[in-house]
Amino acid sequence: MAAQIQYADVEVGTELPAASFPVTRATLVQYAGASGDFNPIHWNEKFAKEVGLPDVIAHGMFTMAEAIRVVTDWVGDPGAVVEYGVRFTRPVVVPNDDQGGLIEVTAKVAAKLDDNRVRVDLTAMSAGQKVLGMSRAVVELA
Amino acid sequence: MALDQSFVGRSYPPTDPYEVGREKIREFAAAVGDTNPVFSDPEAAKSYGYPDVIAPPTFVFAITFKAAGQVVQDPQLGLDYSRVVHGDQKFAYSRPVRAGDRLSVTSTIESVKSLAGNDVIDIRGEVHDETGEHVVTAWTKLVSRAPEEA
Numbered sequence: 011m012a013a014q015i016q017y018a019d020v021e022v023g024t025e026l027p028a029a030s031f032p033v034t035r036a037t038l039v040q041y042a043g044a045s046g047d048f049n050p051i052h053w054n055e056k057f058a059k060e061v062g063l064p065d066v067i068a069h070g071m072f073t074m075a076e077a078i079r080v081v082t083d084w085v086g087d088p089g090a091v092v093e094y095g096v097r098f099t100r101p102v103v104v105p106n107d108d109q110g111g112l113i114e115v116t117a118k119v120a121a122k123l124d125d126n127r128v129r130v131d132l133t134a135m136s137a138g139q140k141v142l143g144m145s146r147a148v149v150e151l152a
Numbered sequence: 006m007a008l009d010q011s012f013v014g015r016s017y018p019p020t021d022p023y024e025v026g027r028e029k030i031r032e033f034a035a036a037v038g039d040t041n042p043v044f045s046d047p048e049a050a051k052s053y054g055y056p057d058v059i060a061p062p063t064f065v066f067a068i069t070f071k072a073a074g075q076v077v078q079d080p081q082l083g084l085d086y087s088r089v090v091h092g093d094q095k096f097a098y099s100r101p102v103r104a105g106d107r108l109s110v111t112s113t114i115e116s117v118k119s120l121a122g123n124d125v126i127d128i129r130g131e132v133h134d135e136t137g138e139h140v141v142t143a144w145t146k147l148v149s150r151a152p153e154e155a
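Going down the list, the sequences are from chains A and B. Just add 10 to wherever you are in the first sequence, counting from 1, and you've got this note's numbering. Just add 5 to wherever you are in the second sequence, counting from 1, and you've got this note's numbering.
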């Protein structure tokens, strides 16, 4: 364990550095290959619209993977994450243009726990809407 | 149609081991744009106290979700997989997944509910390495949306 943040240095309400993660169709194709999730709603606009979606949407697990980067970049050691959970509330819509979509993540320390652990609550937004609910991680600090 | 409550508590046999490769971890980290060297450089991983590169926290989902396929495709359960969406996902880690791991998943149905015509199923996947050490538990909530009927 090599967390770079000291437990003693954080308090409830401490904000982590926020980050934004762009997502284009090319990103989704790359993620599909890496994750093995080839559901066409993540790359085929015609199919996505036929099943009632506004457009191609990002994999929920992609959004979950991006959101936790705010925590792992802060703590330094990604292996310091002890728990991580989210609810998928709204999809991240990814238009077929140069911009694509954007996932905007903020996070703050919500509770100090025993054993140098803290609970971090995350907020992930896209196009002005919350895309993850109940998004929480428990991380072990130095 | 409501799912059979008798499936609650049912466990499925452990999956054949999935062998975690360094290159697969690198591919996954690149796909999520994460440049932390602990995912790609064994020396960096060692400096953090790991025997080899570790995987990003959500990497293991590909393994547990494949294992959950035993459940969702169980013909006796009768879930309409074409209507399934991912509701919630949670992980609890004993240690990070790392290159060289041979991981086996035991899936258990934790609950089966019917909410407003939707079938909601909670699956717990316990992930162990080849020595039997617990690595991570994954909880996956799947929602099978009710068909639109006139």
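If you're looking for bench data, these hints aren't it; they were derived computationally from the structure. There could be a bad hint or two in this list.
Calculated cross-link-like contacts (lysine-lysine; reagent style BS3-like; alpha-carbon spacing at most 25 Å) [as the list claims (entries may be wrong)]:
no.	chain 1	residue 1	chain 2	residue 2
1	A	122	B	29
2	B	146	B	95
3	B	71	B	51
4	B	71	A	118
5	A	140	B	51
6	B	71	B	29
7	B	118	B	51
8	A	140	B	29
9	B	118	B	29
10	A	122	A	59
11	B	51	B	29
12	B	95	B	118
Status of the hints after comparison with the structure:
Only pairs whose Cα atoms come within 25 Å are accepted, and residue 122 (chain A) paired with residue 29 (chain B) is rejected, the gap being roughly 35 Å. Between residue 146 (chain B) and residue 95 (chain B), the direct Cα distance comes to roughly 9 Å. Compliance with the 25 Å bound is thereby established for this hinted pair. In summary, the hint linking residue 71 (chain B) to residue 51 (chain B) is not supported, as the alpha carbons are separated by about 30 Å, beyond the 25 Å threshold. Of the pairs offered as hints, the one joining residue 71 (chain B) and residue 118 (chain A) is violated, with about 33 Å between alpha carbons and a cut-off of 25 Å exceeded.
About 37 Å separates the Cα atoms of residue 140 (chain A) and residue 51 (chain B), which puts this hinted pair outside 25 Å; it is violated. Restraint check for residue 71 (chain B) and residue 29 (chain B): the C-alpha separation of about 16 Å stays at or below 25 Å, so the hint holds. At roughly 45 Å between alpha-carbon atoms, residue 118 (chain B) and residue 51 (chain B) are farther apart than 25 Å, so this suggested pair is violated. For the proposed pair residue 140 (chain A) and residue 29 (chain B), the alpha carbon gap of about 31 Å is over 25 Å, so the pair is violated.
Taking the CA atoms of residue 118 (chain B) and residue 29 (chain B), the gap is about 36 Å. The hint is violated against a cut of 25 Å. Taking the CA atoms of residue 122 (chain A) and residue 59 (chain A), the gap is about 44 Å. The hint is violated against a cut of 25 Å. With a C-alpha separation of about 19 Å, the suggested pair residue 51 (chain B) and residue 29 (chain B) falls inside the 25 Å cut-off, and the hint holds. Distance hint between residue 95 (chain B) and residue 118 (chain B) is fulfilled; the C-alpha atoms sit about 19 Å from each other, no more than 25 Å.
Of the hints listed earlier, those the structure fails to meet are numbers 1, 3, 4, 5, 7, 8, 9 and 10, in rising order.
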